[in-house]
Amino acid sequence: MCLAIPTQVTEIDAEGLATVELGGVTRKVSLVLTPEARVGDYVLVHTGYAISLMDPEEAEASLEAFAELARIQEELEREDALRATWGSQPAS
Amino acid sequence: MKFIDEFRDPDLARRLISQIRREVAAHPTVRPVRLMEFCGGHTHAIFHYGLRQTLEGDVELRSGPGCPVCVTASRDLDTAMALSGAQPDVILATFGDMVRVPGSRGTLQELRAGGADVRIVYSPLDALALAQANPDREVIFLGVGFETTAPGVAAAVLQAEKVGTPNFSVLSLHKLTPPAMRAILDAGEVALDGIIGPGHVSAVIGSDAWSFLPADYGIPCAVAGFEPLDLLGAIAALVHAVAEGTPGVFNTYGRSVPPAGNLTAMRMLDQVFDVRAAAWRGFGEIPRSGLVLNAAYAHRDAARRFPVEATDTPEPKGCRCGEVLRGVIEPSACGLFRRVCTPRNPVGPCMVSAEGACAAFYKYGE
Amino acid sequence: MSEKASQGISESANRRPEPRILLAHGSGGELSRELIRDVFARAFDNPLLNAMGDSAVLGELPPGRVALTTDSYVVQPLFFPGGDIGELAVCGTVNDLAVMGARPMYLTAGFILEEGLPVDDLKRIVASMATTARSAGVLIVTGDTKVVDRGAADGIFINTAGVGVIPPGIDLGPHRLQPGDAILVNGTIGDHGLAVMMQREGLTFGSALESDTAPLNGLIETLLAALPDRVHWMRDATRGGVATVLNEWVEAADVGIALTEAQIPVREEVRAACEFLGLDPLYAANEGKVIVAVEGASVEAALAVLQAHPLGRDAAAIGHVTEAHRGRVTLETPYGARRILQMLTGAQLPRIC
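Protein chains in written order, with the working numbering: chain X, 1 to 92; chain Y, 1001 to 1366; chain S, 2001 to 2353.
For the record, the hints were derived by calculation from the structure and aren't laboratory data. Glycine included, every Cβ here is placed at the ideal spot set by N, Cα and C. Some hints could be false.
As the list claims (entries may be wrong) - To give a feel for the contact side, a few chain S residues facing chain X, derived at Cβ under 7 Å:
(1) E2268
(2) A2272
(3) A2273
(4) E2275
What the hints assert, rightly or not - In silico BS3-like cross-links for lysine-lysine, where the CA-CA straight-line distance does not exceed 27 Å:
(5) X/K28 <-> Y/K1002
(6) S/K2146 <-> S/K2123
(7) X/K28 <-> Y/K1162
To be verified - The following residues of chain S were derived to be distant from chain X, with all beta-carbon distances above 12 Å:
(8) M2052
(9) L2172
(10) L2311
From just these sequences and the hints, can you work out the full model?
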C-alpha cells in the first residue's frame, strides 16, 4: 500500500544493519525480514526494513515485454495510418 | 533512479495506453471496464500520473479500502488518544499519516499541542530507540498498516524482547487485506470486472494469495507496482482478461513480488500475532481480519497493559467514508465533499490521509 | 599533595565547560554589552551600527519607492548542509526586497536566545550573517538581544527587517501578468526543503545535497537591467514551494498557469529523497530560487541572462500564463494528461503510506 522504494545494499555492518542507496541518497535499514540479502542486492524498503529481495531479471523481463508491446503497437499504428491514407477501412 | 525511472518511460506508457484503448474498442461490450484499485497508494499514483483522465471512457477505476488510516475505526483512534493521556509518562509514537485524523475528541496533533507527548516516527525501530533512550517513560507504538507494515512491527517487538527493553509496547490496529477484498465482493454493492492488487502487501503475502479472486469470484487480479508502466501493464492485463473471459492472477510486479511472498516476514507475523476479527471503518466487523499480539507477547500489548475506556462513537453526520471505502460511491457523491469536508477541515479519515480517496479526488480533481 | 594529583586538579580546572548564553546576557547589563561588542558589533562592523544609538540613522535614501519587509527564522536544525539559520535570515530578507524590484540596503537583526545556547554556535551564526550581508551588499545596522529560559526557544530565533529602494520605472505585480507570459525559475527546486528534511529524518547522501540558500539581489538586478519592463512579476519560492507561489499568483491575477512537468528542474538527490519520504518537490521549500514571469517573446533572452549568472546556471522555463482555467495551476504529466496542482494544505508530513 504503502510507500516502499527500491534501493541497493551498499554495506552491511557488524550488527546486520544495512546501508541502502537510491539516487545518491542513503539510509540505514534492518535486514531482519530479508536475511538473505547481500551487498550489491536490491531490496524494497518500507518503514526502516527491507521487506523484499528484488529480482533484476524479472525487472528486465517486464521491460522487455513492454518494449515488445510497444513495437507491436507501433506496427498497428502504422498500418492504421496507411489504411487511412489509401482509403480502405482502418482495423478497429 | 534504478527500478523507478525505467518504469516511468513516457513512450512505453503511451503505447500501453494505445493497446488498452485498442483492446477495449475491439470488444465494445466490455466498455467501460470497471476495475478497483484496492490500494490507496495506487489511487494516489493513478491521479498523480494523470492515468485516470487518460483512460476515461475505456476504463473506470474505483478506489478500494486499501488505506490503513482510513479504515481505522473511530473507537480505535479514541483508544490510542486515551492511551496517550492515560499516564503522564507515556510517549505515543506514530506514523505521520495518523496525526491529523479526527477522533471523537480531536486529533493526535491537537493532543500534542495540548501537551501530550506524541512523536512522529518513520519506523517502529525509531519507537524502540525512543524507549531505550527514555527508560523512565512508557513508549507506546501505534501500529497502523497492512501486511506490508506489520512484519516490521513484529520484528520490533522481537527485538525489544531480545535486548530487554521493558518500556516498549504496541497498540496493534494492523489489518489483513484479503478478507476486506472478500467483504466488498460478498456485499455485492459494486459490480467489478477486475482488481488491481496491492503491490507491496503482495511483496509480503505473495501474488498467489489473490488466487481466490478468479477461483471464487470469477474475476481477474493483476498485482501492480506503483510506477506508470506498472499500473498500465496491470490494467492492460486485466482488460485483456476481461475481453477474453480468462480470469486469473497476473503478477505484473514480478521484480518485487514473489508468487509465494516473503516467508521470513510471514513467519515473524505468525510468531508475534494472532488473527482476530477487527472493526473496519465503513465495514463494521470483518472476521479474521485483524492482528493482535498473542499470549506470548501480551506484556507488549498496550491495550492489555493499559486498559482504557473507549466508547463507540457514531460516524460524523453526513460522512459517507464507509461507502467510499467499499467502492460504492466516488467521493464527489458525498454531500460534504468539498463543501464542508476539505483537507483543512476534514470530517472523515478519507479526506485526511494522503492515501485516502477523498483526499486524492480533492487534490487532483476538479 | 602528590604531583600527579595537583596536575589532575589544574587539568580539570583548565577543562572549562564550553561558554553558554546566560539569562544575564539579555538583561542589559555588563554581560549584554560584552556580548553585543564582542559578538555582534565585531562581526557586523559598519559605521551606522558602530554609532550604537537606540536607532540607526539611515539618512537620505536614493530616489525611488521605499520598501520594507520583515521575517522571523526558527529553522531546526540550526546548522544544515549548505547553510545555517544566520545565512537564511539575511538571504530571506534580502530576497523579499529583491523580488519587489528593490535594491536591499539596510537590515535589522533581533535575536531571541535560549539560555544554554553555546556561544560558539552563536558566533558561527553571526559570522554567517556577516559574510552573507557583505556578499549581498547590505549593512546590518541595528539589532536587539533577549534571552529566554532554557526550553522557551529552540536555541535561537532570529527576526530581521529590511529596507530597500525600488528605482523609478520598475513596475512589477499581478496586474502585469498576461496570458502568454513565460514562467521561469532560476534553478533546481526543493533543494533546501529536502536538505533540511533529510537531516531531520536521518537520511544521508553519497554526493552532497545542500540547501540553496543564497542572496538573489545580484541576479535579479542583472535581469531587470537587461530586460527592463519585460519582467512582469517575481516571487521567491520559500515555504510551500513553487506550487504555493503559483497558486497565490493565479488567485491574485485571475489567470491560469500551465506547467510542464518534464521542464521542471529537479536534482536527482532531491527526487530520491522525495521517494524516501513520500514528498513532492513542487511543495518543498527553497531559499535561493525566484520565480519570474516574463513577456513570452523574451523568454530566450531572459534565460540567457539567468544562465550566465552563477545563481542561474540551471534556469529553465517551466510553464506559461494562460486564459484557460483561470484561478488554477495545472501540470502536464509526461503521460498525456494535465492535472491540477493544488495549494498545499497543512505541512507536508513524511508518509509511510
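Evaluation of the provided hints:
1. The beta carbon of S/E2268 comes within 5 Å of a beta carbon in chain X, closer than 7 Å, and the hint placing it at the interface holds.
2. Among the interface hints, the one on S/A2272 holds; its C-beta lies about 3 Å from the nearest C-beta in chain X, closer than the 7 Å criterion.
3. Against a cut-off of 7 Å between C-beta atoms, the interface hint on S/A2273 holds, since the closest Cβ of chain X lies about 5 Å away.
4. Satisfaction of the interface hint for S/E2275 is found here, the shortest Cβ-Cβ separation to chain X being roughly 5 Å, below the 7 Å cut-off.
5. Under the criterion of a C-alpha separation no larger than 27 Å, the hint pairing X/K28 with Y/K1002 is consistent with the structure, at around 18 Å.
6. Straight-line distance between C-alpha atoms of S/K2146 and S/K2123 comes to about 16 Å, which keeps the hinted pair within the 27 Å bound.
7. At roughly 20 Å between alpha-carbon atoms, X/K28 and Y/K1162 fall within 27 Å of each other, so this suggested pair holds.
8. The beta carbon of S/M2052 sits about 48 Å from the closest Cβ of chain X, which is more than 12 Å, so the claim that it is off the interface holds.
9. At roughly 37 Å from the closest C-beta of chain X, the C-beta of S/L2172 stays outside 12 Å, upholding its exclusion from the interface.
10. Non-interface call for S/L2311 relative to chain X: holds, since the shortest CB-CB distance, roughly 22 Å, exceeds 12 Å.
Hint violations for this structure: none, all hints satisfied.
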